[in-house]
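Going down the list, the protein sequences come from chains A and B. Letter by letter, the first sequence follows residues 1 to 114 in my numbering. Letter by letter, the second sequence follows residues 1 to 112 in my numbering.
Think of the hints as simulated: they come from the structure by calculation, not from any bench. Don't take every hint at face value.
[Unchecked claim] DSS-like, lysine-lysine: derived pairs with alpha carbons at most 27 Å apart:
1. B/K58 to B/K111
2. B/K77 to B/K22
3. B/K49 to A/K57
4. B/K22 to B/K69
5. B/K69 to B/K58
6. B/K49 to A/K71
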Amino acid sequence: NAGVTQTPKFQVLKTGQSMTLQCAQDMNHNSMYWYRQDPGMGLRLIYYSASEGTTDKGEVPNGYNVSRLNKREFSLRLESAAPSQTSVYFCASTLAGEVYNEQFFGPGTRLTVL
Amino acid sequence: AQSVAQPEDQVNVAEGNPLTVKCTYSVSGNPYLFWYVQYPNRGLQFLLKYITGDNLVKGSYGFEAEFNKSQTSFHLKKPSALVSDSALYFCAVSRYPNDMRFGAGTRLTVKP
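So that you can see chain B by itself, here it is in the shape it has in the complex:
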């Protein structure tokens, strides 16, 4: 079985501060990990993915994520948060074709 957990329902951060949205995964074998963002009344948009290689993955809008195999984590990070980053963020894992599993989501609020 494969699954991801997002331990925080809500993350609040001040504009200009660094942000981290946490994700841990459980999968047998090599994981393929993704981050998506959902703005209000919109569908999910792909941010970045880890397939293999460098543990630090860079994605859209200045976001990056760090893959840590020993801690089975794939945390999303950004050095300096913007108010416009406020949204719902989903971590996902894909171990089998056509079987992407999503976390419950973390609501990020960036305050001015």
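For reference, chain A alone in the conformation it holds in the complex:
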């Protein structure tokens, strides 16, 4: 089992460029998440998908869009990147989004926007 995989590992963009971060899990989990990690701020939820076919905003959704392509895959899109979106992005999944379930994280994508 690969667990949660993310591509790419690193990316440098110029302001205004667009890109899509890919995430896939092979654990047959129903719920998937996108977080951003910034120094001194912990992880903040951008968007989540409670189940295939549904997506919802998290704490910091502005400037992002998501697609739950199928049960395995959940992508995050930046339509017009801004320097404030420089961060490390983590995808996570869990069997179901219940309060007692731990999440499983991918290795992250380090994004720099110039």
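Let chain A serve as the given structure and place chain B on it in line with the hints.
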């Protein structure tokens, strides 16, 4: 609203000594509390969780955490620290589905 606070940005401890990483929470109702560890250039890994029952929770790699309702705390502990325990540790609380809130993290450094 729900939140966790990790009052220490950095904790330094000598190898073989006990370690404590502190976490306090603020939530209405019963909290579901988690600890995760992040090694350099890696994603977060689950260590342990408190759902209900025994206030002392045992987890991976010899770590344990003590839930204290009166002090609204969930401190992570280990009796004897290893150099390999050096990492970034996150406390998290989950009160609503799909709404896990993370602390800012505490960097643990264990010196030989």
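Hints, verified against the model:
For the proposed pair B/K58 and B/K111, the alpha carbon gap of about 24 Å is at most 27 Å, so the pair holds. In summary, the hint linking B/K77 to B/K22 is supported, as the alpha carbons are separated by about 9 Å, within the 27 Å threshold. Restraint check: the Cα-Cα separation between B/K49 and A/K57 comes to about 25 Å, which is no more than 27 Å; the hinted pair holds. For the proposed pair B/K22 and B/K69, the alpha carbon gap of about 14 Å is at most 27 Å, so the pair holds.
For the suggested pair B/K69 and B/K58, the alpha carbons sit about 17 Å apart, so the restraint of at most 27 Å is met. Between B/K49 and A/K71 the alpha-carbon distance is near 26 Å, which keeps this suggested pair within the 27 Å criterion.
Of the numbered hints given earlier, the model fails none.
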